[in-house]
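J.: One-letter residues, chain by chain:
4 protein chains.
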Amino acid sequence: MNGLTICIIGAGSSYTPELIEGFALMRETLPVREIRLMDIDTHRLEIMEGFCRRFAAHMNFPVTITATTDRRRAIEGADFINTQIRVGGNAARVKDEKIPLSYGLIGQETTGAGGMMKALRSIPVMLDIARDVERYSPGAWMINYTNPTGLMTEAITRHTKAKIAGLCSGGLFPQQWTAKALGVPKESVRYDYVGLNHMNFAYNVTVDGRPITDAEFDLIADRVWSVDHDLIRQLRVLPSPYLQYFFHTTQRVKEMRAAPRTRGEEVQLLEKEVFAGYQDPEGHTKPEALKKRGGGGYSEVALSIMKSVASRADSWAVVNVPNQGTVRFLPDDAVIEAACLVNSSGIKPVAIGEVPRAVWGLVSAVKNYEQLAVDAAMTGDRRTALLALLAHPLVREYELALPLLNDLLEANREYLPQFFR
Amino acid sequence: MNGLTICIIGAGSSYTPELIEGFALMRETLPVREIRLMDIDTHRLEIMEGFCRRFAAHMNFPVTITATTDRRRAIEGADFINTQIRVGGNAARVKDEKIPLSYGLIGQETTGAGGMMKALRSIPVMLDIARDVERYSPGAWMINYTNPTGLMTEAITRHTKAKIAGLCSGGLFPQQWTAKALGVPKESVRYDYVGLNHMNFAYNVTVDGRPITDAEFDLIADRVWSVDHDLIRQLRVLPSPYLQYFFHTTQRVKEMRAAPRTRGEEVQLLEKEVFAGYQDPEGHTKPEALKKRGGGGYSEVALSIMKSVASRADSWAVVNVPNQGTVRFLPDDAVIEAACLVNSSGIKPVAIGEVPRAVWGLVSAVKNYEQLAVDAAMTGDRRTALLALLAHPLVREYELALPLLNDLLEANREYLPQFFR
Amino acid sequence: MNGLTICIIGAGSSYTPELIEGFALMRETLPVREIRLMDIDTHRLEIMEGFCRRFAAHMNFPVTITATTDRRRAIEGADFINTQIRVGGNAARVKDEKIPLSYGLIGQETTGAGGMMKALRSIPVMLDIARDVERYSPGAWMINYTNPTGLMTEAITRHTKAKIAGLCSGGLFPQQWTAKALGVPKESVRYDYVGLNHMNFAYNVTVDGRPITDAEFDLIADRVWSVDHDLIRQLRVLPSPYLQYFFHTTQRVKEMRAAPRTRGEEVQLLEKEVFAGYQDPEGHTKPEALKKRGGGGYSEVALSIMKSVASRADSWAVVNVPNQGTVRFLPDDAVIEAACLVNSSGIKPVAIGEVPRAVWGLVSAVKNYEQLAVDAAMTGDRRTALLALLAHPLVREYELALPLLNDLLEANREYLPQFFR
Amino acid sequence: MNGLTICIIGAGSSYTPELIEGFALMRETLPVREIRLMDIDTHRLEIMEGFCRRFAAHMNFPVTITATTDRRRAIEGADFINTQIRVGGNAARVKDEKIPLSYGLIGQETTGAGGMMKALRSIPVMLDIARDVERYSPGAWMINYTNPTGLMTEAITRHTKAKIAGLCSGGLFPQQWTAKALGVPKESVRYDYVGLNHMNFAYNVTVDGRPITDAEFDLIADRVWSVDHDLIRQLRVLPSPYLQYFFHTTQRVKEMRAAPRTRGEEVQLLEKEVFAGYQDPEGHTKPEALKKRGGGGYSEVALSIMKSVASRADSWAVVNVPNQGTVRFLPDDAVIEAACLVNSSGIKPVAIGEVPRAVWGLVSAVKNYEQLAVDAAMTGDRRTALLALLAHPLVREYELALPLLNDLLEANREYLPQFFR
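Residue numbers (the working numbering), protein chains in the order written: chain A, 31 to 451; chain B, 31 to 451; chain C, 31 to 451; chain D, 31 to 451.
Be aware that one or more of the hints could be misleading.
Chain copies aren't distinguished; within one or between two, either way the pair holds.
No farther apart than 35 Å at their CA atoms in a straight line, the calculated lysine-lysine pairs in the DSBU-like style are these [said to hold, decoys possible]: (1) K210 <-> K191; (2) K321 <-> K302; (3) K316 <-> K216.
Rather than coming from a laboratory, the hints here were simulated on the basis of the structure. Note that this is a predicted model, so its numbers are computed, not measured.
Whenever a hint applies, use it, and build me the whole structure from the sequences.
T.: Next up, the structure:
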């Protein structure tokens, strides 16, 4: 392991410097020799190349940083291929949010009908990338944070042999909640974990091996974001904050409709500010505005996974991986978000004893939607896309699903060649 | 098999004469010697005893008809125990319908929150009956049409050793639709069948062994009640009419709210009319009004099951039974509604090849609710009842589930000793 | 159903007249118009054509009997394709028996190393037939009694879409044992059934729905052939007589070695006698010697399956079919011998509650062998054939498996093109 | 973690000093404050107490060493309870070896009929210990090397709530073989692992994440002990050396019969020598003879497990644990030997993709035996013990199993109160 080569696809993303910073900080344990920035947006790529070089130099991080629009050249021979693409950019995201909302439905980039649209746009591109990895860098790991990460991972594991870790910072939220609530180090916390990306639950929390008490659970529940704390006390499991869209649907739709801007529109404004910072030829530190952008947890997770895979250590992490019998009520090839053992030989989910009795049906329902959405993205079949919306707990009604699908497909026509041949 | 003894629990039901008629018509193949009518409502029981005797005499059906309020005496030594009870009567049913509707939710006696209330009231009584069967008539079969029949069957199979066939006339609807649409005899039609009571799907339809064509499927789809025919053409499976509440929720709630009376209120009026007929001391045929009451299919199904179980014939029927591996994504002890082989040795689901890809998540979600509802009924635990409503696809939201549960429990206080100790 | 067309592949078999007789006797419920005899052995085919015509005429059975060596012509448009081939004839069978015996192992045409050789010879030919059925008579049913029937069925269901019922008369043995032991009609007896062809167990026996007592079980045990009755009393399940080779291995090998002739050699002698009878131009009834030939049960089973599939009746039968979740510890595509519901829509195994705790490991071990043997037959891969022998409980040792495989393959070289390309 | 308390049950074992040495060497990362030696053999216990104190002092290891025959006192408040008992001592072991051998069967202390006898003697005592742990030290971990370790672990996990790690040094053999064959550090090697204790297979070996080549596999195969290397090349998986008893049965029985002494008899001689060393009041280092005793790998595995459980690190290890869906063809509660994630929250098997196609039936067969043997040990039921022998691939024949069982039970009468009440 004398110097890894890292490829970043979608390097024009405002997140890229977080990764560069992570590599710099971990240079002792995860030695990186070369970082290849790849994007199809030459403008953003140029800005990022300049900034990253200044940033690395400022950190005294001796790494070769190159930029290219040639995907194959970026991938060939790399050890890790980080994928963080956004097909259609934030403009498409805003449509994902607004169109469902116009039907009175949750409008969100990963959950519900909006998440399906993002998947339909992104899966074909991600598949192309995965096939390049198979061909030009077999043995390399894809480290994905393109959302919805569970659907990307399922499409790629079902249709290619590329190795992929589907990441989400959410897998470590229960660790953070517990650490804060109980005043213990994060490293002392472990738990069982079941579900899918953004549809998951942590339970059987232990601190240094000791099961938490009921009173401690209640303290931790108070730290969970966005889901009612009394509800969590009833559930007795720690939900992903995205469960707010399932347990508080009407309330959230009301709030979303009342908001002056969608989250996507806010991000558009923020990104302008952030990129102004990156573009500053004197700038060599992360712009202040980046903090408001959020999502920094991803790079932390990504780096720890890359470190475990590239070393002789074993570690515990929450990753999106094929089920392979772990959750017995889901198909073997279904991708789940699971507590995993990560080491040089790969990423494998660990066995689950009891599944929390209150939530397995919801997990099944969303996975049914997900598998249909992946199939629709692969085939461009409208009927399958309709079945996916009908299977989604947040859509389900035919009177909504039919016109909503038409609207969404039309609005994304330019990014959906598979549907408009 | 020289003369069976039949026990009917809840014999005051307006359905009872349908059963008597069935036994009369099938006297050659299913010889019945004695029919014991049992009810706790002495008024209705008296009326029914009188009518049934006149009715049997009119049909020249030589059977002994007795009436009793003593459940043990009714059960002891009987071959079949028919259960058709309605705890709280139609007055409670009307509450099951109106309270959810006041929250903008489907108000229905088997589907949604109303169905759960009916289950919470009925399961303890049905369990008492099952324990009497275990004790006083082991080896006898319970033939249940108390709704929700799937939950009754699950409670009894999980908690007693009594043998029970959970019946619903819906299992034969696809046969009827196909026969009418294609002009073939019902007996020529077979199909695969997956799901739960009132949450099920028929597919792989054959006519005399020949798979139907796509065009024939479309013709059959046009015969399905209550679910949009274009939707069925997309699903490519034949749904239970109760799927209307899932695929057309908003529309149905609107219609229910606009209706002058709930179905329960209509039935209350009809029952008055029907019982006036039964009460007529000259009456010896079924009152005209009974036709409007509906549900006659039950007796047809019940009689055919009893005939198969009591003879050396084998038959195919749709019945609610423990899963035992048939639907691989549901627990082994979960009761499913399945195509079964019925004969003297019992009722066993037949293997299913492929489950329709569009609906397994919905089936899982409803089964998750059902298992929690059964647990709540058995324990009287409010938290479990709340989890059941949260798990139900038609409730799910915490802001609805919490006050709704309180309202429903309060309104049914007198029938819920397990919750109000 | 106005007149079926029956094709018999391997019609030169001495069993053919049993089928003809069956069709004649069942002409009311299973009306056959045409019987096509097909064989590659023109000599036997000619004899059989002559005899079958005389035999049919003698029974006043108005059916068209034709003979051909052209497989496609025989199959095209037929309703049922009966397959009863014997690749290599009885001469090869004798080798299947003698070679394993020379290693101190069970030498038998379906069980152990001999059974594997028969499978390696027969599967490629059976696959060719199945592909003809797919092409020239899709929708028709193959009714197979070519042994080992479980392996034939598994090869065909895994590699083609042809419909096939893998038959064995053994599935009804427990019915016969019970009827005789308890003096009840066979039709009153039902049971659970688990395992593979010649590796199976019946249990939970009922007579007219009543579970048998322990004392009755012991009486039935005394009727079982070839397996020690005290052993059966310990097992508390009724084993296939072929279990003798597993539970009494040393004893049976000793007896086989002491016998003046193998069963195959005896059959060779018998067949001469039987064919002399068929050849007699005056002969129009089954020769006396046929009784000693055995195996007549097959035609009974075959006819009852054909009748159920071709009518609107449902029936219970034991057939070899794909597992599809029935036996939860075996793969979904593994063929099992199971209690099935048979009707016009096909043959489906019924759910099994508890598997007898003493024998599931043995069933697994033999199924592991079977799947490897099927793979070896399909690919001609020596290594896979070796793994099959190593996986077989009756071989297992490397010091035996390696030379034994060589001997067996060499001795069958002319029938194993896939191994000697 | 400021000083752990270790309890050793069966501390009179000659292995105890290996553990003491391990604790001394790992004092930095696994700080032990107190070691409690417990045994019912006061003579050996006294010797061991004396030696261990001298040995610890010699290593400058500041630990409190106490000795007791009171199990409760030894267990109460301990962090780890090491169990290494031998009910009946080596004298019983010699019977386990000789009696099966007299029937021409493998005579071995963990495999075959001998292993069952050891289980029947040991399980009741181990259950008593586990119940003491439940009561007096809940939360503590049992670290078991009492053989057969898989059966001990299954009995305890099925019948108590005590936490237990069933250890065997064999789980790391493939790491050692690979390291030696390829000249790589052990820490760089990982693999998939399936099966049971002494009935297991490693495959998908990687070195620093790189899958080994076919040629490398062949080099590793040459390092495997006791199983024919050409056979391993055919299997393409690395077997436990105990597979010799299954794949080379006849050969091993012949060798065992020819040997002047059984392994148990050899150990008896060795132990005398070793204990002479321990008894020497001047002795403060491990006697030379201990090397010949073997089994030292246990303490290495035990210490690494205890370290992971007691720290915040995660590690990969092979341990005997409940299956919980990992091996899909075995029951959920069956104990398997599996690659696990070990950390403070416990020991969990990691998901397995493909099971090697050649060996799953053998694993099933042996697990069937194991579950019956555990049941027999718990109940003292002779019939269940007989079924266990019939289910064992190395016994199976009724003519052997019946007299063999009688001989074994009689010979062990004093240690089998459950069978001789």
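J.: Could you run down the list of hints and mark each one as holding or not?
T.: These are the hints, each one checked on the structure:
Taking identical chains as interchangeable, the C-alpha atoms of K210 and K191 lie at most 35 Å apart only when they sit on different chains, with a minimum of 31 Å there against 40 Å within one chain. In this assembly of identical chains, K321 and K302 lie within 35 Å of each other by CA distance solely inside one copy; the values are 14 Å within and 71 Å between copies. Proximity of K316 and K216 under a CA criterion of 35 Å is satisfied intra-copy only: 26 Å inside one chain copy versus 42 Å between copies.
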